[in-house]
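Participant: Next come the chains, spelled out residue by residue.
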Amino acid sequence: MIETIGIWLAAFFTLSIFSFLYKDNPFYKIAEHLYVGISAAFWLIYVWSFTVYPLLVKPMIEKGLWGSNAVLWIPLIFSIMMLFRLVPRYGWISRWPMAFTVGLGAGLGLTGAIQGILFPQMRATVLDLWVKNNPLVTINNWLLIIGVITTIFYFFFSQEHKGAFGKVARVGIAFIMISFGASFGFTVMARVSILIGRVGFLLGDWLHLIK
Amino acid sequence: MNTIGKILSNINRQVIYLLVFLVVATPMILGIKAKVTITEPVKKAYDFIDSLPPGSFILIGIDYGPSTFPEMNPMLYAILRHAFSKNLKVGILALQNAVNIPIGAQVLRQVAKEYHKKYGIDYVNLGYKPGWDAVIVSIGREIRDVFPEDAFGTPLDSLPITRNIHSYDDIALVIDLASGGTWASWIQFAQARFGVPVIIGVTAVMGPESYPYLQSGQIKGLIAGLKGAAEYETLIHHPYMGVRGMPAQSGVHLLIILLILLGNLGYILQKKRKEV
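One line per chain: the protein sequences are C and A, in this order. The first sequence begins at 1 in the numbering used here and counts up by one. The second sequence begins at 1 in the numbering used here and counts up by one.
One or more hints might be untrue.
[Unchecked claim] Listed below are the simulated BS3-like cross-link pairs for lysine-lysine, each with C-alpha atoms no more than 30 Å apart in a straight line: (1) A:6 / A:113; (2) A:113 / C:211; (3) A:117 / A:44; (4) A:44 / A:113; (5) A:44 / C:132; (6) C:132 / A:43; (7) A:271 / C:211; (8) A:33 / A:44; (9) C:211 / A:274.
In case anyone wonders, no lab produced these hints; they're calculated from the structure.
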């Protein structure tokens, strides 16, 4: 019974959102406002239930703030400091935990980017320019190397894109455009897939027209 | 000519939406099938999973939510069916969002039932942990530091499946099914730092940006979008939601190409008329 109600509700709201394709209307507005309201409430409960309570409050209640749990003082104090953002006069206090978060993110991001992206990707660009008995791989390798070099040339903004430099950069633009085209094609495919999912739900779970 | 040009350039958008809906719904209602060709990235993913010895533990990141559910869920179904048919042990976890876990758990329960697999022995749900970069790095040291218990509060040491799982050394493969940025972190930290093999399944939008990692050998395989899921379903000989969606997908792509051509034709005809 509950599942049936859920399916009918989901179908109603799916159609309400789809109705915007014709024109703005009260059904769409109801669905939109409900979505915004539920999302706000959801994220409030979510942060409490999945982050603050299990990672900070629960261990504090169970084992206190000493021994191996003493480390919890750090997030506890930082959380309180962060709340000072709500008091304009003492808002500067919130900069400390913010700086910690930014520093942590930058540190992790930097090491990850160098170790996991920059070096492996550079290594992957060092390719044979002549692969015996395999012209297709040879062409592919050439394309890859030319693509990487010319695209990097395009992103040199300290020099005007003129003459030979400009011509190389223009080849880079062509590669970038091809990449944008591929991304756009994939984006269309993704959006259509989501529509297929919704139509599949309406025709299958709701109307039972397909199995 | 000018009238035709005007009509072609000003097709009512509601007409286009209706056409798209009909092209999507008709093949589904009529049960039309389309041939699915297998591409190398998906074949590589399939081959790698297929090559794992029975009993190997694989970790699947459920990092997609309801908004990308139609694209990503078929991938999870196909991978789980393949994994259970090969008697692999499966663990799921979510790092992007806690709501992803119920989605993954529902599919896991359903497929486990199909293959008569038991919770705690053949599969486990580790639940959600925030701060994915730190979590991924911590698993490299000791999984219990971040997941001392499964999603239902059972200590990992009490479950046969996780008793001997401590770090990436005990994990044969990580598969991240992602609609956000978690897949890059699995590559940057789990693969680059700890050397664990990684396969990623991403939404079609994210497909192009993931290909360089396949070319560099940082990932063992790549499944992108509903098409990728359909390919995987074809490889395991279990057509499901991905294969079912392909005729509609191809139909809409053809319609879009046709509309682009008609729109351009209309524009050219009107331009010519103005020049005359």
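Participant: Output the indices of the hints that this structure fails to meet, ascending.
Facilitator: Violated: hints 1, 7, 9.
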